[in-house]
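There are 2 protein chains.
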Amino acid sequence: MRMSQLFLPTLFEDPKEAELVSHRLMLRAGLIRRLASGIYSYLPLGNMVLQKIIGIVKEEMEHIGYQEVLLPALQPKELWEESGRWEEYGEDMFKLRDRREREFGLGPTHEEVITDLVRREVRSYRDLPLFLYQIQTKFRDEMRPRFGVMRGREFIMKDAYSFDCTSQDADISYQNVYNAYCQIFARCGLRFRAVEADTGLIGGSRSHEFMVLADAGEDIIVSCTACNYAANLQKAEIGEEKDRAEKEKMDDLTLVETPNMKTVEEVAHFLHVTPNKLIKTLFYETEDRLVGCLIRGDQQLNLAKLQRLLGCSILRMADESIIRRVANTIPGFSGPIGLQDVQLIADNSLRNGRNFVVGANKPNMHYMNANIGRDFRVDTFQDIRIATSGDPCPRCEAKLKIGKGIEVGHVFKLDKKYSRSMKATFLDEDGKEKDIIMGCYGIGITRLMASIIEQNSDELGIIWPISVSPYEVLILLVNIQDKIQKEGAFELYEDLKKEKVEVLLDDREESPGKKFKDADLIGIPIRVVIGKRMKEEGVFEVSLRRTRERFLVKKEEAVGKVKELKSLP
Amino acid sequence: MRMSQLFLPTLFEDPKEAELVSHRLMLRAGLIRRLASGIYSYLPLGNMVLQKIIGIVKEEMEHIGYQEVLLPALQPKELWEESGRWEEYGEDMFKLRDRREREFGLGPTHEEVITDLVRREVRSYRDLPLFLYQIQTKFRDEMRPRFGVMRGREFIMKDAYSFDCTSQDADISYQNVYNAYCQIFARCGLRFRAVEADTGLIGGSRSHEFMVLADAGEDIIVSCTACNYAANLQKAEIGEEKDRAEKEKMDDLTLVETPNMKTVEEVAHFLHVTPNKLIKTLFYETEDRLVGCLIRGDQQLNLAKLQRLLGCSILRMADESIIRRVANTIPGFSGPIGLQDVQLIADNSLRNGRNFVVGANKPNMHYMNANIGRDFRVDTFQDIRIATSGDPCPRCEAKLKIGKGIEVGHVFKLDKKYSRSMKATFLDEDGKEKDIIMGCYGIGITRLMASIIEQNSDELGIIWPISVSPYEVLILLVNIQDKIQKEGAFELYEDLKKEKVEVLLDDREESPGKKFKDADLIGIPIRVVIGKRMKEEGVFEVSLRRTRERFLVKKEEAVGKVKELKSLP
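The listed protein sequences correspond, in order, to chains E and W. Counting from 1, position 256 in the first sequence corresponds to residue 389 in our numbering; the numbering is continuous, with no gaps. Counting from 1, position 175 in the second sequence corresponds to residue 308 in our numbering; the numbering is continuous, with no gaps.
These are calculated hints, taken from the structure and not from any lab test. Some hints could be false.
Just so you know, same-sequence chains aren't split out, so a pair can sit in one copy or run between any two.
Said to hold, decoys possible - Here are the computed lysine-lysine pairs in the DSS-like style, where the Cα-Cα straight-line distance is at most 25 Å:
(1) K228 <-> K210
(2) K696 <-> K665
(3) K668 <-> K630
(4) K688 <-> K668
(5) K619 <-> K650
(6) K633 <-> K191
(7) K616 <-> K647
(8) K688 <-> K631
In this text, all values refer to a predicted model and were calculated from it rather than measured experimentally.
Using the sequences plus the hints, can you model the full thing?
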């Protein structure tokens, strides 16, 4: 392609609205333009990168036996009512009525549609396993669309679905997609990590998120400094502290006045203790009971863990009236001593501690030197807190660390979540009707594109991995008015095209300064500069965008050099 | 691909809801399934055909210099208000509100979005011409969705847009796309015709529809039996009849009673004349005037022609109160004699006639032997009627004929229709600000797929042109339990794959009858049967789905024969 004909509106200045590196560079390099909040147009260069990524995704999905389908965006309300998700999705789903007042949702995901398709066609175990995928536009009315295509309201996803006879087969299907995703992200030039995750609104029994490691990420990843363990923050387990120190001696329980001091910091400061000597007592209500959670003052309760532990579907903080009834006090001064009729769950980290400060269940009063067992009961010790840097790994003895990531893929073992509610069954070899075991697997294609830029850029622009770059080589013709330069450039351009190298020729009548700036900005990995040196010394300057390594080669060696660089890992 | 693993649910019986051949066969051959009225899922085989068609379209668009972009489906109301089409589209557009109550339409087309994009980026004549296209899902809330994907509510289109400096350049762009479309439809194996068409809701100055010739078509094509002239019914012009016969003598004007006879047939029958001796007098209102149209009793008024002639944007039949005021009578008995204050437009076919029957502007009365000039005035003779078979061609002396077609493509010269209302301008070489001259060009990809089947099928199933067939070759392994047959089939399967032939192997444990039926139904153009003859005589039976031609070849010649047949035109 000749750049003089390419629709490539680059920007000199950083657009004001863009906070993230990828958002800024996608606008500046002419990959995207905003149409409305969270809604973007892809210009030619951006579309080329999308197509490259899609190509990789298709290859890897087909390699593991997935067949491509194309499902509608417009989805009837009735289907979503069958699965119970019409209400659950709420305002996150765009909803509309057709001219006959029938209600539709714009698909944010396709579990309902594909389960409906499969339940109508699959009859017997002989029709299974079945592996389907699509690459399609999804819609989600995000509360806060931001960061360009990173969190958009209209975006492209690859979603895949597996249908198996047994849970064991479904585990194999899950692992196959897991492996394919590792291949896809590696081929896209990404540093990433698969982390254990919660299943959330999608549901099911097991799930991993694929996280691109990046400071710009909105997700927190907990990972072990020694072994392979990694999970997202909601899911991250914490190993038990091996307490090798001798336990403190128990001191006498003492009631102290703590006037108007409600926060951990206020109480700790007033009583001259560190926050880790305090125990917070927090009350939560589920659909059918009330629990009290005991957490160290310097730690935070992990609601997702607590919900999994209790197996409840509703979980909310108890309001003041309940605290008054149960603990006979106001929030800020409740504590475990003397509590009755409420289950008390203590975090594991309290197991070995002594002489804590706890609320006294009297306004403006705390106890010092409270001890579990002696002064109050605990029904069970559990892992209910949010992991922090330095916590013990649940798998080995090393410490956990905290990092940030961008979720680009998610795999779910759905089990019977949709097949049961939507009656997707099959007849097994014995003629018995059974629920199909499902899995679902997503990759955010447009978000993946932004993530690649987050990891592959510098202060001057993008540095595309060659696998997803819109072109492999950029020929930078410094001065198109110079006949010798021009001839050299066009000759190389034709030679490279003949060799099936994807080449962009900057044949614009722009200043060399603008050309070099644009070259750095759009980030084609291999560059050939054709300028004065070509004229005077007969050499082309071949260089790599990433390392700035330069090679001066004779004209006749240029194609060979480019092909050599192109095939480097 | 092995058929035992392909998701290909074929149906024995014709689905009740399907009227059209293509609709029936797409359901039966497992290409599509219905999700809701006018909304379909594409199964693997259907998706493969779509991808093949898209591949052809992309090649031809890129060949004429078009760059691919991807524009959003969600489009803000404000943009459509700028062009004035928010109201114009009415209920045909799906409309919705986001969580912040902002209004959006689901794009039925993208003139507004692309004009907005281009007006922000294009500054100077040096940025032009610009040629962009996309392949994307469109939404249209059809009043009567039907015929499967032929008239769906969610469908795939290729839409392209040209931006030029001058009207002459825009004509060249128009012609380039016109030529590319001819290439695309020819490569898809279609018999088609480009016909002159109205610009309708899209607007502009010039337009052609590409019509696939098929009895199932909903569009009527008027074409010349001798020259190249073709147009759709709204647009079709009619040449002037060369009247070589002597004119009749004028008889005396006679008032006759025609009690309660209002229709042409009633009056003609009662007065013993043929309907072509009657003149209908029809009143129409525009935004600023009233006109009377005179049409022969056996002919029909063409409203689109009348509207173009009058240059009005509103055109509706005058209601009874107006007829009473102007003609002092009731509908059915109005006529041209004595009419004042209203322009009278007569169709060209009345120019040479004599002794007509006309309404007398009195209830239950007609005049016989009314003559133009002697008894009433006509302000102008024009071509305002609907063409019928046998009418003279407007370009040559031959006769027109009427046929049916399916519209699969449409090209428009938009001129300044969008650039002016949306202020898409550029600075020309003199530094003057000018409106960009636009064109837009669409192909209905999903409808194209159905049209291919309308023209390429028989009573047993589809007959894919090889260019769009999901696979090029089907190996029909008659009995997978027979070791020799099985080995032969799998060997050929691997050999063909090595040669990059797209091959489907029917390795299912089904009866031969079912296998042959499915083979005819899904319509892969080349078939290799491996059955008893292979075992007994060592020969493969290679055949063509379309002609049923059969070739018995030795095992080692099979690959060569397939490749030979594959490369046939």
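Going down the list of hints, with the structure as the test:
In the homo-oligomer, the alpha carbons of K228 and K210 lie at most 25 Å apart both inside one protomer (9 Å) and across protomers (16 Å), since each shortest distance falls under that limit. With identical chains, the CA atoms of K696 and K665 are at most 25 Å apart within one copy only, with a shortest distance of 24 Å there and 52 Å across copies. For the identical chains of this complex, K668 and K630 are intra-copy neighbours only, at 23 Å inside a copy versus 49 Å across copies, given an alpha-carbon limit of 25 Å. For a Cα distance limit of 25 Å, the shortest separation of K688 from K668 inside one copy, 11 Å, qualifies, whereas the shortest one across copies, 61 Å, does not.
Taking the closest pair of Cα atoms, K619 and K650 come within 25 Å of each other only inside a single copy of the chain (20 Å); across copies the shortest separation is 62 Å, beyond that limit. Taking the shortest alpha-carbon separations for K633 and K191, both the intra-copy value of 21 Å and the inter-copy value of 18 Å come in at or below 25 Å. For the homomeric pair K616 and K647, the shortest alpha-carbon distance inside one copy (20 Å) is at most 25 Å, but the shortest distance between copies (69 Å) is not. With identical chains, the CA atoms of K688 and K631 are at most 25 Å apart within one copy only, with a shortest distance of 16 Å there and 38 Å across copies.
Against the hints set out earlier in the document, no violation occurs for any number.
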